[in-house]
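S.K.: Chain residues, written in single-letter form:
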Amino acid sequence: MQTILSVKHLSISFGVGHKVVDDISFTINAGETFALVGESGSGKSVTALSVLRLLPQQAKLQAEAIDLQNENLLRQPEIEFCKIRGKRIGFIFQDPMSSLNPVMSIGDQIEEALTEHSIAVANTKQRVLELLKQVELPNPEQKIKAYPHQLSGGQRQRVMIAIALASEPNLLIADEPTTALDVTIQAQILVLLKKIQQQTNMALWLISHDLALVSTMADRIAVMQQGKIVETGLCHDLFNHPQHVYTQKLLAALPAMQSCLRKPGAETPVLLEVKQFCCYYPIRKGIFQRVVDYVKAVDDVSFKLQRGKTLALVGESGCGKTTLGKGLLNLIAGNKGQVLLDGIDLATLTGKQLRQKRSDMQIVFQDPFSSMNPRMLVGDIIAEGLLSLHPDVDAYNRQQKVARLLGQVGLPLESSGRYPHEFSGGQRQRICIARALAVEPKLIICDEPTSALDVSVQAQIIVLLKKLQQEQGLSYLFITHNLAVVAEIADEVAVMYKGKIIEFGNVEQVLTQPQHSYTQKLLAAVPELKRQ
Amino acid sequence: MVILWTDALIYFLLAVIGIFGFYLRDKVHIKRPLYQLGNSVTAMVSLVVLMFFLVIGLLDSIHYKSVTNPNHDIVSLLDEMLTPLREHNEKTYSAPLSAFLYSKEMMALPDGSQQWNYPRLSFGGAHLQNPAEERVTDVAIKAVVGLTGGAVLVFLLMLLCGLLFKAKRQQLFGRQSALAVWFSVLVLTALSCCLMYLSLFYHVFGTDKVGEDVFYQTLKSIRTGLVIGTLTTLVMLPMAISFGIVAGYFRGWLDDIIQYLYTTLNSIPSVLLIAASILTVQVYMANHEQAYTSVLVRSDTRLLFLCLILGITSWTGLCRLLRAETLKLREMEYVQAAQALGVTHITILWRHILPNVMHIVLISVVLDFSALVLAEAVLSYINIGVDPTTYSWGNMINGARLEMAREPVVWWSLAASFIFMFTLVLAANLFADKVRDAFDPRQAQR
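The listed protein sequences derive, respectively, from chains A and B.
By numbering that gives the first Met the number 0, the letter at position 115 of the first sequence is numbered 114, and the numbering carries on one by one without gaps.
By numbering that gives the first Met the number 0, the letter at position 322 of the second sequence is numbered 321, and the numbering carries on one by one without gaps.
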C-alpha cells in the first residue's frame, strides 16, 4: 500500500523545556482512515498543525522527517509549501461557525479554493455545483449564493468539506470535525466523509477525543497521551485487546448504554412538579415595538421529579432544554406555568421569600471556564451562597463549611486561597458543585456539566454526582445531549424536541424501546463502541 | 496656611488613597499582585518618575500667605523653594543657558555712542566676564558639579538605608527591580540637582516673551496637569461607572434613560458647554469681587470649574464602554449562579461586575489623563481653558503657536513643556499597564 504521509520522530515545544509533542512517529496510507485519539491537551491538534506548518511563531519543531508522498516537507520553502497546503493536504476545522468568512457567499469561497491553486477546470461554476452535490447540500443551485449565516452548523461543515475537497487532496485532515455538532448531524457528516473517502481513495486523518466515534470510522488508531503516542494498532485489535494502561483506562471511562439496564429504585415522594411551563420570547416589530409573535423556547412542559432521583432532559442544541433549566430557577424572564417545589408554587413567592427558597434549587453550568468569577478566590466563590442566604453564619463557621465542602468534592483544602484559573476543567466543575452544595439544596439542575470535559474526567464527575446523591438524597435535573451519560446516571428520561417534551419514561424503557420516531433517530445516531 | 479648593480636593484624594491602602494592607490576595508589581522593573521605574512629579505637584499644593513678600501674596511651598528662580525675570526672550537676550536692542556704550546689539541678561550668566569664551566651560563645570552633588546625595541615602535596615538589605539592594529603583532615583536626583544648580546662574530652559524663566513655568505646570488629570477623573468616574454598569446590568427603562442622557450630552459640542460654564464662572467672580481678591484664588476657581465641566462632558465615552462590557458580563454564568444563590443585585454589581470591568476603567482613565492635559492646551487656545495667569503646559503650548511662526524660531517653551508632559504621560501609561497585568489573575499566572 502506498504511504501518503510519514512522520518520523516529531517533537514540538513551546518556550523552554515543556514538550507538547514528544518524539512521535506514524504513517498514513492511501485510502485508509487514520485516527489520532487523545484527551484535550495531549498534543493532537498541534501535531496536525505542524504538518501543515501552521504552528504559532514561538513553537519549536524538531523532526527527522515529515514526508508527504516521499517528499520531505521540512525542506520545502514557504512559497512551495503554499502549493501543498490546501492543494495536496485538505483541512477541516472543528468549529464551522467561525471557519467560514461571513461576508463571502459560499459559492465564492469554494471558487476561491479552486482559483487559488489554479486548478484547471472547464467551468468553475459547474465544478462548485458538483462539489456541493458531492457533500450533499440540499438545493445546491440556490445555496451557492447563500452566506454562511444562512446555513445551519451541519450545512456549514459540509461547505468546509467541499472547500477541502475542491483541490482533490491526497490527504484530508479532519480536526474534531463533528464536535460542535448535534449527534444526528454528526452521524450524517461522518457517513458523508466515509463515502467521499471511498469515492476518491484519499487518506483521511481524523483527530478526535471521542473513542466511540473513532471506532466506527477508523482503520488504524494511535492513542496520544501527554505528547506521546502510547499505542498504535488496527481499530479492531485496539478496542478488543488494548495493550497500554492508558488505553484501557480510557475505554473503561467511556459511559456505556448498557448501564441503563439496572433495577429502578423504589418510588419516593415528588419533590418538583412542573405544570404547563412555558418560556416565550416576544418578537417585537415596528416603531412602537409591538409584540407581533413569540419564539416558543419552552412550550407547555409538564413533568414530575422524585426526591433522590435523577431526571435526564435530553435533546439537541436549540430544543429549549437549557432555557427550561434556567426558567425553572427564574433566571430568565417571560415564564408561565406552575413550578411546585415541595408543593409550594414558586410563582406565588416574591422578593425575600423567593431568595430564601433559592437555597433549595441550585444549578451547575456547562462551561467550567465562565461559570466562576475569575477575580474571586475559590473560597469566596463557595462561600457566596452562605453569605447571601445564611448571613447569620459567622466567618469561622463559614470557613469550616467551605473546608468540608472542598473535602466532599475531592479537592485539597488549600484550594480555597487560589483563583479559578489555576484549576483544570474537571476541578473547576467540582468547585461549581461545591458552590451549589453550600446552601444545602434539595435539587440541583446540572446543565451539561460534563460536556466540556474529557471522558476520564467526565466519568469522575459522574461518580462524584452519584456519591453525593446517595449521601445527601439530592435530586438532579440532568440536562444533556449525551445519551450514553444519560444511561449512566438517570432514573427517568424526558426527551425534548422543539420546546416540547415528546417522550417521558423510565431510563431503560426510553433507551431500549423508544416510542417516538425522534427518539429512535437520536438513539440510532449515537456512535457505539464496536466490540465483539 | 491657605487652602484653595483644588488643594482641598487633592488632599481628599490622597486621604482616600491612604484609607484604601490601609483597608487592603493585610488582604492576602492583594499581596501577590503588589509583589509582582514590585518585581517589575518597568513598573518601579515609572513609579519613581511619577513620584517625582507627584512630590513637585504636592509641594505646589501647600499654599500660605507669604511673610517675606510685602504684598502678602499667596505662595506655595514650591514657590518659596524656587524663590531666586521665580524672581529672575529678564526683559524678553532668551535662549536656554544663554547670557544674552534673543533680540537686539539699542544700547548705550560707556563711551557714549550707541550700538544695535544683543544686550547681556540681568541674571542669566551675569557672573561671567567674557561670556563668549567662558560660558561653555562654565556651564559644563556647573553641570558636572550639580550631577556629582546629586549622585553623592543618593549614595549617602543608600548608605544610610543600608546601615539603618540591616535585616532588609537583601530586599533593598538584592533584587533587580530594587536596583532599577535606585538607579532611576539616582538619575532623576542627579538631573534635578544639576538643573537646580545651573538655574541659579542661568535660565536652563531660557525665558519667555515677558522674560519669565521657562524652567520655573514648567515646574509650576506640573500641578495644573496633575489637577486636571486627576480631579476630572474624580468627577467623571463615579458617573461613568455607576451609569454604565447599571444600564448594562438592569437593561429596560433604566438603560433607555441613561442611553438617552449620554446620547443627548454627546450631541452637544462639548466646547460650547465648557465655554458657557467658564464664562458663567467669570461673570460670577466679577460680581463678587470682594470674595475673589487674589489672582491665585480666581485662577484656582476657574481651574476647578474647568475640571468639573470637563468631567461632566467626558464621562460618556467610558460609560458606553462599560455598558457594553456589562451587557456581556451579565450573561456570564457566574452572574447567573450568583442570582441562583440569592445574591442581591447590588452585591452582584459590586462583587462580580465591577471588578471585571476595572481593567477598562484603568486603561481609559490613563488614556483620558493624557487626552485631558492636551484638551487643556486646546481650550487655552480659544481662551476658555485655565486662566491665562495659571502656569500650564497648555498655556505654554498655546504661546508657542506664535513663537514657532517667529523668525528666528523660539522653540524652548514648546520643547520644555513637551518633555515634561511626555515623561509624565509615558510614565503613567507604563505604570497603568503593569498595574492592570498584575491585578488580572489570569495574566498573573504567566
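No lab work stands behind these hints, which were simulated from the structure alone.
Heads up, some of the hints might be wrong.
Unchecked claim - The following label-pair restraints were derived from C-beta to C-beta distances: (1) A:G416 <-> B:V270: 47 to 55 Å; (2) B:M357 <-> A:D341: 40 to 48 Å; (3) B:L12 <-> A:L348: 22 to 30 Å; (4) B:A323 <-> A:A255: 15 to 23 Å; (5) B:T41 <-> A:K194: 30 to 38 Å; (6) A:D379 <-> B:R174: 26 to 34 Å; (7) A:S450 <-> B:R174: 53 to 61 Å; (8) A:S97 <-> B:M157: 50 to 58 Å; (9) A:K295 <-> B:Y34: 48 to 56 Å; (10) A:K59 <-> B:R174: 41 to 49 Å; (11) B:T41 <-> A:L60: 30 to 38 Å; (12) A:D379 <-> B:T41: 24 to 32 Å.
Nothing here was measured: the structure is a model prediction, and the numbers come from that model.
Using N, Cα and C, we set each Cβ at its ideal position, and we do this for glycine too.
S.K.: So does K295 (chain A) sit 48 to 56 Å from Y34 (chain B), Cβ to Cβ?
M.R.: 55 Å, holds
S.K.: So the hint says 26 to 34 Å: do the beta-carbon atoms of D379 (chain A) and R174 (chain B) match that?
M.R.: 31 Å, holds
S.K.: Is 53 to 61 Å a correct range for the gap between the Cβ atoms of S450 (chain A) and R174 (chain B)?
M.R.: 46 Å, violated
S.K.: When you take the CB atoms of L12 (chain B) and L348 (chain A), is the distance between them in 22 to 30 Å?
M.R.: For L348 (chain A) against L12 (chain B), whose Cβ atoms are near 46 Å apart, the range 22 to 30 Å is violated.
S.K.: Does the Cβ distance between S97 (chain A) and M157 (chain B) fall inside 50 to 58 Å?
M.R.: Holds: the Cβ-Cβ distance is about 56 Å, inside 50 to 58 Å.
S.K.: With respect to the beta-carbon atoms only, verify the hint that A323 (chain B) and A255 (chain A) lie 15 to 23 Å apart.
M.R.: Hint violated: Cβ distance 47 Å, outside 15 to 23 Å.
S.K.: Is 47 to 55 Å a correct range for the gap between the Cβ atoms of G416 (chain A) and V270 (chain B)?
M.R.: With Cβ atoms ~52 Å apart, the hint holds.
S.K.: So the hint says 24 to 32 Å: do the beta-carbon atoms of D379 (chain A) and T41 (chain B) match that?
M.R.: The hinted range 24 to 32 Å holds for D379 (chain A) and T41 (chain B), with Cβ atoms some 31 Å apart.
S.K.: Can you let me know if the beta-carbon spacing of T41 (chain B) and L60 (chain A) is within 30 to 38 Å?
M.R.: Cβ of T41 (chain B) to Cβ of L60 (chain A): about 32 Å, so the range 30 to 38 Å holds.
S.K.: Does the Cβ-Cβ separation between T41 (chain B) and K194 (chain A) fall within 30 to 38 Å?
M.R.: 58 Å, violated
S.K.: Range first: 40 to 48 Å. Now tell me if the beta carbons of M357 (chain B) and D341 (chain A) are that far apart.
M.R.: 41 Å, holds
S.K.: Check the following: the C-beta atoms of K59 (chain A) and R174 (chain B) are separated by a distance inside 41 to 49 Å.
M.R.: 30 Å, violated
Hint compliance for this structure: hints 3, 4, 5, 7 and 10 are broken, all remaining hints hold.
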